[in-house]
Amino acid sequence: MSAALETRGLTFEFGEFRAVDGVDLSIEAGARHALIGPNGAGKTTLVDLLTGMRAPTRGSVLLGGEDVTRVSAQQRVRRGLARTFQINSLFPRLSVLESIVAAVQERTGSAWRWWQPLAASRAEMEEAAAIAERLGLRAELGVQSQALAYGKQRLLEVALALAARPRVLLLDEPAAGIPQAESAELFEVIGRLPVEVSILFIEHDMDLVFRFARRITVLAAGRVVTQGEPAEIAANPTVRELYLGNAEPAHG
Amino acid sequence: MTGAGFPGLRHPRWTRAEMVFWLLPVLAFFVFPHHLPLGSQILIAALFVLSFDLILGYAGIISLGHAAFFGLGAYTAGLLARHGWGEPLSGLLIAAAVAACVGWLTSFLVVRGQDLTRLMVTLGIALMLGEAANRLPGITGGADGLLGVQMWKLLGLFEFDLYGRTAYLYALAVLFALFWLARRLVHSPLGLSLRGIRENAQRMPAIGAPVTQRLSAVYTISAAYAGVAGALLTQTTQFVGLEVFSFPRSAELLIMITLGGVGQLYGGPLGAAIFMIAREAFADVNPQYWQFWLGVLLVAMVLFWRGGVLGAFALLRSRLAERLK
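So the sequence lines, in the order shown, correspond to chains A and B.
What the first sequence shows, in our numbering, is residues 6 to 257, in sequence order.
What the second sequence shows, in our numbering, is residues 200 to 524, in sequence order.
Hints were generated in silico from the structure; no laboratory data involved.
One or more of the hints may lead you astray.
Reference listing, derived: stretches of chain B covered by chain A, where coverage requires no fewer than 3 residues with Cβ under 8 Å from a Cβ of chain A [as the list claims (entries may be wrong)]: (1) 386 to 392; (2) 399 to 409.
Across the chosen pairs, the derived CB separations fall in these ranges [claimed, not checked]: (3) A:Tyr155 / B:Arg516: 27 to 37 Å; (4) A:Glu193 / B:Ala520: 37 to 47 Å; (5) A:Ser94 / B:Leu515: 30 to 40 Å; (6) A:Phe22 / B:Ile261: 29 to 39 Å; (7) B:Leu304 / A:Gly27: 14 to 24 Å; (8) B:Arg516 / A:Asp212: 43 to 53 Å; (9) A:Tyr155 / B:Leu514: 51 to 61 Å; (10) B:Leu515 / A:Tyr155: 28 to 38 Å; (11) A:Gly114 / B:Arg478: 24 to 34 Å; (12) B:Arg518 / A:Ala152: 12 to 22 Å.
Keep in mind that this is a model prediction, so the values were computed, not measured.
Every residue, glycine too, gets a C-beta built ideally from N, C-alpha and C.
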């Protein structure tokens with residue numbers, strides 16, 4: 006069986022600078038895969054390449070064994086690859102419900118309908134409400150995205166990605182900027198996602214990484230330094246020097 | 200009613216305020232029988248601004264050349280009538296189709312760019328069309344305008360009379376029908392998707408939305424609306440001049456929509472009415488003076504009073520509600 010998401014020799018250059026350098030990455034079906042590395046390692050650029058928001062200089066991206074390197078970002082979402090953004094990218098004046106419905110209706114294909122009121126999209130709304138419920142946003146359905154507390158906005162980011170019913174979900178620092186207690190809560194929600202959803206997440210909090218990841222890839226200067234099970238990574242001297250600052254990582 | 204129990208969802212039910220709004224032009228027909236030509240001009244401008252609000256207010260596309268489509272519609276209707284087809288309704292449809300075709304073709308140039316690109320592309324297209332009309336006097340009549348536009352009776356029954364009664368009611372009916380359609384569109388799933396694009400176009404591909412196709416679609420619809428507005432002007436005045444393509448016509452749209460309020464459907468028609476009535480009232484006194492105060496008003500509005508007249512109403516209402524608490 007082919008990996009849920011795979012890259013082969015993926016490279017991205019900004020002029021002379023190689024932000025992503027020959028990355029071979031394989032996200033297995035059902036993965037809980039963490040991507041870690043120091044700032045500027047090229048993690049977000051890699052996610053941009055995976056999702057089609059940037060085109061690689063060389064190399065290829067395979068989604069479920071199919072080469073999607075030349076497939077547009079929007080088409081990749083339709084094929085089951087969704088992402089969240091490190092910096093909130095929401096619809097400020099749409100309510101929580103409207104935002105999620107907007108994402109759901111793209112998947113179901115009803116977004117082109119112009120002849121009937123939105124209120125008639127009953128199934129889409131119920132699904133959106135269910136997603137909100139799952140992320141603890143039920144009480145905020147009618148609130149404009151811009152009026153949400155920051156932590157709730159992060160949850161809405163995840164909700165928008167889930168609305169695409171992804172087979173592969175890329176989470177770019179989902180807990181960035183929210184207090185630790187809340188970030189643990191966020192990861193509880195992520196942890197409860199169905200096992201069929203393969204997840205790749207970028208995270209700086211090592212506690213969370215070691216608690217949720219079953220596989221870890223370490224990226225530095227655009228290259229894969231090493232990858233393996235959390236225990237192997239924790240024991241790897243290069244990684245500890247490079248990233249963990251020699252500190253003993255806490256196990257969850 | 201479906202959708203109940205889902206907060207934050209806009210209900211498309213007609214409110215009392217909306218009904219009052221639509222009663223006003225009907226009342227005006229009886230109260231101001233001698234001002235019906237001005238009334239028709241307002242209704243046509245209202246339709247034209249409505250077309251503009253569809254792209255600016257609901258999809259975030261800014262344009263300085265929307266008169267291109269107004270002009271296309273105006274000349275299409277004029278040429279049809281000049282060459283023997285004076286039936287008004289089919290004239291409107293054909294004008295809409297022509298404007299929509301050109302709108303669709305040029306949409307690919309417009310939707311990909313950013314704001315400045317869009318301003319220049321739209322402005323450029325309007326200038327080109329205006330100049331083309333100027334340089335083809337054999338077809339358009341050039342600077343003299345197109346003479347000999349003869350309209351048949353509306354529905355075969357109502358002559359376009361000298362007082363402008365038929366013209367006024369015709370323009371009102373068309374405005375209402377197209378407004379109803381636009382209202383349906385903005386409250387639809389497609390409308391939500393357009394608002395999503397306006398709010399954050401970068402995010403839309405990440406939820407699987409084909410942004411450029413959506414924008415092309417709404418731009419095409421908007422062009423068709425503008426074409427109908429232009430055709431109405433030709434049919435009700437039985438004349439077309441180069442002015443229909445002019446830059447002021449495009450620029451005034453921005454003023455009207457700012458006055459009324461962007462992205463609220465009613466803002467456009469309201470802004471059109473305020474602008475045109477004020478201009479009519481002040482123009483008799485002193486045209487320069489009118490522009491001076493218009494300038495003051497515009498600056499004040501965008502700095503202190505965002506959201507136009509509709510925004511002010513909303514603010515007033517929430518203040519009152521607070522007082523009454």
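key: Satisfaction of the hinted span 30 to 40 Å by the C-beta atoms belonging to A:Ser94 and B:Leu515   = For B:Leu515 against A:Ser94, whose Cβ atoms are near 34 Å apart, the range 30 to 40 Å holds.
task = With 28 to 38 Å as the target window, see if B:Leu515 and A:Tyr155 comply at their CB atoms.
result = The hinted range 28 to 38 Å holds for B:Leu515 and A:Tyr155, with Cβ atoms some 32 Å apart.
ask   = Do A:Tyr155 and B:Arg516 keep their Cβ atoms within the hinted range of 27 to 37 Å?
value = Taking Cβ atoms as reference, A:Tyr155 and B:Arg516 lie about 30 Å apart, which means the hint holds.
request  = Check, residue by residue, whether the segment 399 to 409 of chain B contains three or more positions whose beta-carbon lies closer than 8 Å to a beta-carbon of chain A, and give the verdict.
outcome  = With 10 residues close enough to chain A, the hint holds.
key: Whether the CB-CB distance between B:Arg518 and A:Ala152 falls inside 12 to 22 Å   = 19 Å, holds
query = Is it true that the C-beta distance of B:Leu304 to A:Gly27 lies inside 14 to 24 Å, as the hint says?
reply = 44 Å, violated
message = Given a hint of 29 to 39 Å, does the C-beta separation of A:Phe22 and B:Ile261 actually sit inside it?
response = The hint (29 to 39 Å, Cβ to Cβ) holds, given that A:Phe22 and B:Ile261 are roughly 35 Å apart.
ask   = So the hint says 51 to 61 Å: do the beta-carbon atoms of A:Tyr155 and B:Leu514 match that?
value = With Cβ atoms ~27 Å apart, the hint is violated.
inquiry  = Can you tell me whether the CB distance of B:Arg516 to A:Asp212 sits inside 43 to 53 Å?
reply    = Hint holds: Cβ distance 50 Å, inside 43 to 53 Å.
query = For the segment 386 to 392 of chain B, do three or more residues have a beta carbon lying closer than 8 Å to a beta carbon of chain A?
reply = As far as the segment 386 to 392 of chain B goes, the hint holds, because 7 residues have Cβ atoms under 8 Å from chain A.
query = Could one say that the CB atoms of A:Glu193 and B:Ala520 fall in the range 37 to 47 Å?
reply = 40 Å, holds
query = A:Gly114 and B:Arg478, beta-carbon distance inside 24 to 34 Å?
reply = This hint is violated: roughly 47 Å between Cβ atoms.
Of the hints listed earlier, those the structure fails to meet are numbers 7, 9, 11, in rising order.
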